[in-house]
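Engineer: So the sequences go chain by chain: A and B. When you line the first sequence up against my numbering, it's residues 1 to 306, in that order. When you line the second sequence up against my numbering, it's residues 1001 to 1523, in that order.
Rather than coming from a laboratory, the hints here were simulated on the basis of the structure. Here a beta-carbon is modelled for each residue, glycine too, at the ideal position from N, C-alpha and C. Incorrect hints may appear among the rest.
Stated by the list, open to error - Residues on chain A that point at chain B, a partial pick, calculated with CB under 7 angstroms:
#1 R3
#2 R7
#3 L10
#4 A12
#5 P14
#6 V15
#7 E49
#8 P149
#9 V164
#10 G165
#11 T169
#12 P256
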Amino acid sequence: VRRYFFRRVLHAVPVVFGVVTVVFLLVHLLPGDPVEILLGESAMPAQKEELRREMRLDRPVLVQYADFLSGLPRGDLGTSIRSREPVLREIRRRFPATLLLSATAIFVAVLVAVPLGVLAATRKGRPADTLSGVASMVSLSIPNFCLGPLLVLFFSVQLSLLPVGGFGTARHLVLPAATLGTGMAALLTRMVRASLLEELGKEYVTAAAARGLSRSEAVLRHALRNALVPVVTVLGLSFGAALAGSVITETIFSWPGVGRLLVQAIDARDYPLVQGCVLVIALCTVAVNLATDLLCARLDPRIRYE
Amino acid sequence: MQTTIFILLAFSIAIMPAAGSGCARKLPIDEERLVIALPGAPVSLDPRVATDAYGEQILQMTHASLVRRDAAANPTPDLAERWESPDPLTYVFRLRRALRFHDGRPLTSSDVRYTFEWILDPANRSPHRALYRHVASIATPDDRTVVFRLAEPFAPFLSTVVRGIVPAGSPAGGYAPPVGAGPYRFDSVSPDGEAVLSAFDGHHAGPPAIRAVTVKFVPDSNVRFLELSAGSVNFALNGVDPDLLPALPASGRLAVEEAPGGNVTYLGFNLRDRALSDERVRRAIATAIDREAIVRALWKGRADLAESILPPGSWALDDATSPVRFDPARARRLLDEAGYTDPDGDGPLPRLRLTYKTSQNELRRRVAAAIQEQLRQVGIAMEIQSLEWGTFFSYVKTGNFQLYSLTWVGIADPDIFHHAFHSASVPPDGANRGGYADPEVDRLTTAARRESSPERRRESYRRVQRILARDLPVFPLWAGRNVLVRDRRLEGFTITPDESYASVASMRIVPAAAPAAGQGSAR
């Protein structure tokens, strides 16, 4: 296992490196000048030059890139142009919020999707299945920017049960997590259903039934375990998407996360901050996918650590 | 099992509304807390470096400056009880007695000098440094007197000293705001979340009536609307889109107020462009645009037409400028005269093709679409390019446009004419983005800068405005009105054209009207 793990980590290095390089080049190619945005139009040209020199923005892009790379081993992601704070500190301040939101959303999604998917698969073609299918389609079709305000309208405005936005208590987490998790739950429900149906048609399930196992035992102890392998893979991918794609949810609920930080950084052409955010998101996505692969191998011993 | 789930679901849906109305939670207003929604988070809360509107608005509550601006943008006393200018190069400010910072330290002339010298120090990279480039020296003959000496006369100087004063030796803080002397002090600030303020009892104008203020950063317009509806926010200045205002709950808890705004939106022309260098073409575009219809349909009437880029109500505004009237027939004639005749009568071919750049703001995009249709009526085919803000602004500044639209925000002094129309103010040295050049405008805007008599300054700026109305280097469109949505119990706020939050300190919470006590709080 250990060898497999290290090999996977080694594989991840070029992925992260590639992402960071592409993003570095892209943000530098974008029109717009961080110094102009920071100092405003009325700043004196000499003042702009000074800042450009100090921020090392006057040097060739390749030199800036080399600078950025050489800082990485020391954990130095540079200094934010906008706030003049170390990028790492900026991200550290926001990252826990994003992680909390994404993890809760995934957790809720799994909690809803697995029972619902099992229910739909075991009652194929019956009302429960149809209902779960319709609910999944509806949930998948509603974009977050629409679902979020709808949830707020109902739970915060009509019922005064939950706060509209903000960060701090568990009650603040409910609506953002529900918004972010609904689409995932719908996707996972369909995955569990499809995957379980496939397993249920296999001979070992019939064999289990022949050995006298009850239907629920056969489903839960044998088929479900195998059915979860593709589900876990999708889960890993969803988590990466949740980390990077929480921007809309974070904006709707005034959630102080990395997604919003990244958008603000792009607006301000805060190159070091954009790179830092992308690097962290890329690292997390790679880490989660690695964890998913290890988990899959545990769930299904047929998957070898190769 | 299925049946059980259905029953449970049905039951929970049935009891939910009852549960909601039965245990309506206490709203912040019931606990005498003012909750303000700002459409974005401040980038900095240090008055020496903050340039963004949200940062400045919070600082108006927490930091006192030498002078403030009143509703007509005239300087009024704040920390300085009086000031004088014995000659055009000298400004003497006399501070009030016994001023204190939030932490109890006395505020003296040396703190004022420190604040401005910190900004002027190149090592501190303050974006405000250019504003004070005329300052030659700052002297403090005693604890209550500050003397600014200028290198050359600069008439707008007084409007530049509206800048929060910090204690001498304050470190430059990213998010940690330095101590101030305004009516409110910072209790806590969470980046991208909220700022919590409490009343400062030692404020020179006496302690503010509302003791607790939360400023929430709510970037989504729909959510600001919902927060107001829910009562978790009870004060939003320009926080609700004009479209959503009619949908605010008519329960009587919220009141909507409006007053003239100071931010003028304009249509910019690139005068280096062959077609647009012709004044007749620019005027044809201006007369083809039905501003009143756009204000009525898209702004829901909540904007005033502008004939100058100066905010409505400015002391330097020229009231004799004749407004550009909507007249499509005249627009067609002007295009004919300029040589852009209609190639095929009622056919599809345009007289002229132009590109219009704008940001991705929804209202701006809809305005662009309206202008596109109106120009089509006179035979101009206009392509709209809606760009991400950084890209858009970069194109505008580098002159990479034919037409664009932007809004001048926070214009306090008519010196803007020098910044926006002097031939030497072409970016990066100013904001003359269209490349306009007129020797008379150059002469008048330079002279007005050095003129100490307000009357003569006003006369110069009036003449500048007449020349601009003749040449039309930009077409001023409208100034959106400032719309305040507040809880009815919050009184005493004065809406100023520059969206100042300074009068939050004069607000108070009046007791709720009798019938609202039982039922009104839920909505």
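Engineer: Are there hints from earlier that the structure breaks, and if so, what are their numbers?
Structural biologist: 1, 2, 3, 4, 5, 6, 7, 11
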